Amino acid sequence: MTATTESHHNPRLLSRRLRSSEGVIVESFSVRREPGRVAVAGELDLAAAPQLADALASFDGEGPVTVDLAETTFVDSRGLATLVAAHHRLGGQLRVVNVRPEVRRVFEITKLDDVLLRDA
Amino acid sequence: MGRLATDQVFRHEALLYGGPDGFLAGVVPFVRAGVEHAEPVAVVVDRAKASALTAALGDDAAHVRFADMEVVGRNPGRLISFWDDFVREFARAERPVRGVGEPVTPARGSDELVECYRHEALLNLAFQDCPWSLLCPYDVDALAADVIADARASHPLLLEHGAHRRSPELRTLDELAVPPDTPLDPLPAAAEVVAFDDRDSLRTARHAAARAARAVGCTPTVTNDVDLVVGELGANTIRHTTSGRGTLCVWHDAEWLFCEVRDRGWIGDPLAGRVRPPVDALNGRGLWLAHQLSDLLQLRTGAGRSVVRVRFSRTASDSS
Numbered sequence: 001m002t003a004t005t006e007s008h009h010n011p012r013l014l015s016r017r018l019r020s021s022e023g024v025i026v027e028s029f030s031v032r033r034e035p036g037r038v039a040v041a042g043e044l045d046l047a048a049a050p051q052l053a054d055a056l057a058s059f060d061g062e063g064p065v066t067v068d069l070a071e072t073t074f075v076d077s078r079g080l081a082t083l084v085a086a087h088h089r090l091g092g093q094l095r096v097v098n099v100r101p102e103v104r105r106v107f108e109i110t111k112l113d114d115v116l117l118r119d120a
Numbered sequence: 001m002g003r004l005a006t007d008q009v010f011r012h013e014a015l016l017y018g019g020p021d022g023f024l025a026g027v028v029p030f031v032r033a034g035v036e037h038a039e040p041v042a043v044v045v046d047r048a049k050a051s052a053l054t055a056a057l058g059d060d061a062a063h064v065r066f067a068d069m070e071v072v073g074r075n076p077g078r079l080i081s082f083w084d085d086f087v088r089e090f091a092r093a094e095r096p097v098r099g100v101g102e103p104v105t106p107a108r109g110s111d112e113l114v115e116c117y118r119h120e121a122l123l124n125l126a127f128q129d130c131p132w133s134l135l136c137p138y139d140v141d142a143l144a145a146d147v148i149a150d151a152r153a154s155h156p157l158l159l160e161h162g163a164h165r166r167s168p169e170l171r172t173l174d175e176l177a178v179p180p181d182t183p184l185d186p187l188p189a190a191a192e193v194v195a196f197d198d199r200d201s202l203r204t205a206r207h208a209a210a211r212a213a214r215a216v217g218c219t220p221t222v223t224n225d226v227d228l229v230v231g232e233l234g235a236n237t238i239r240h241t242t243s244g245r246g247t248l249c250v251w252h253d254a255e256w257l258f259c260e261v262r263d264r265g266w267i268g269d270p271l272a273g274r275v276r277p278p279v280d281a282l283n284g285r286g287l288w289l290a291h292q293l294s295d296l297l298q299l300r301t302g303a304g305r306s307v308v309r310v311r312f313s314r315t316a317s318d319s320s
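Protein chains in written order, with our numbering: chain A, 1 to 120; chain B, 1 to 320.
Hints are computed from structural coordinates only; laboratory data are not their basis. Note that this is a predicted model, so its numbers are computed, not measured. A virtual CB, placed ideally from N, CA and C, is assigned to each residue, including glycine. Any given hint might turn out to be false.
[Claimed, not checked] Okay, the calculated bits of chain A under chain B, using three or more residues with CB under 8 Å as the criterion: (1) 43-49; (2) 80-89; (3) 104-112.
So that you can see chain A by itself, here it is in the shape it has in the complex (with noise of 0.2 Å):
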């Protein structure tokens, strides 16, 4: 965690900065929360889901819930747990958009396509 700092000046936007091998501070991942809807970048992956899953928790109970991962290059299995408990709850009441063709085959495979994808 030492080559990581939080983002404090938008407390919307909960961003995630590692150093590159060259050394330079680059955005893996950030989630920005707006009214009905989440928007992640980056990787979705064991780094990350703590961040997503602080996001959706400040929904409960007031769903539906709109999760866009158009700017998602990588979802694992601990991003989808972190849906999937969303989703529970919630109520059912999330939905996972925009999902790019390379995540969109492990949500296929985990059969989770039927549970959480609808078209945007």
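Following the hints, position chain B against chain A.
Leaving out everything else, chain B in the frame of chain A:
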């Protein structure tokens, strides 16, 4: 525990046949009996055998679901999940189902045959309370004697020369659950080694694996699979071991990209990663995804030690 596998309601039978004619002589009556009783039938064999069987079955072939072993069972560790899906599909209708699966062929390398035996052994555990019928053809003319001996040890029933009998060499469920201890091929000196101990260093490690995949010509889809599988294996290390420390090794040969994750954990459940998690599960997808997306997964585990080695094709096209 300690129960003989023949006490199960799952009918797991090895067909010990010789040559293409022997295959048809054993498989056609089994499939036809299922069709005549309106039982769902699935057949997972290679394409040549599927063609021969289709021709021999005639009109009955239309009632059979064929799947290509080269696709479904390239990694034999995903076959239990395939059969579980098939059995569950008809479980509510309470109809008996039957399958034919031939994962063991002379085309398999010795490393694959170890994992095929593991699969055959674990079928007995996975389906011990599930009534369905699976026939596993073994070509005694083409396979080595020790492979046939493994078939006799892992199948409660044998069909040989047209006669059914209980296998006298059948191992107990406890014996069948024992993980393989066959050593993995040694790591080459040129392997890239990346240690990880937290979520950020794991991300660095999986990026290294994806970079290696691209560098050796893996397709974009395979490269994404490498990225995901290494991430899942490393996530298991971080979440499920005491130290959370692991080592990724990446190397290749002419045909495959290999990735291996080592840690100090112990994977105690022999069926871990082999059964599809419920669609709404919050855990248990990682190792299952690794089985689904890799071309072979070799797990070696014991007290305080786990090694998971996966390989991916350098030459497969994205359409396959």
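8 Å C-beta test of the segment 43-49 of chain A against chain B, three or more residues
holds (count 4)
Cut-off 8 Å, C-beta pairs, minimum 3 residues; does the coverage of the segment 80-89 of chain A by chain B stand?
holds (count 6)
Coverage assertion for the segment 104-112 of chain A with respect to chain B, Cβ distance below 8 Å, three residues required
Coverage by chain B holds for the segment 104-112 of chain A (6 residues, Cβ < 8 Å).
Consistency with the previously given hints is maintained throughout, with no hint failing.
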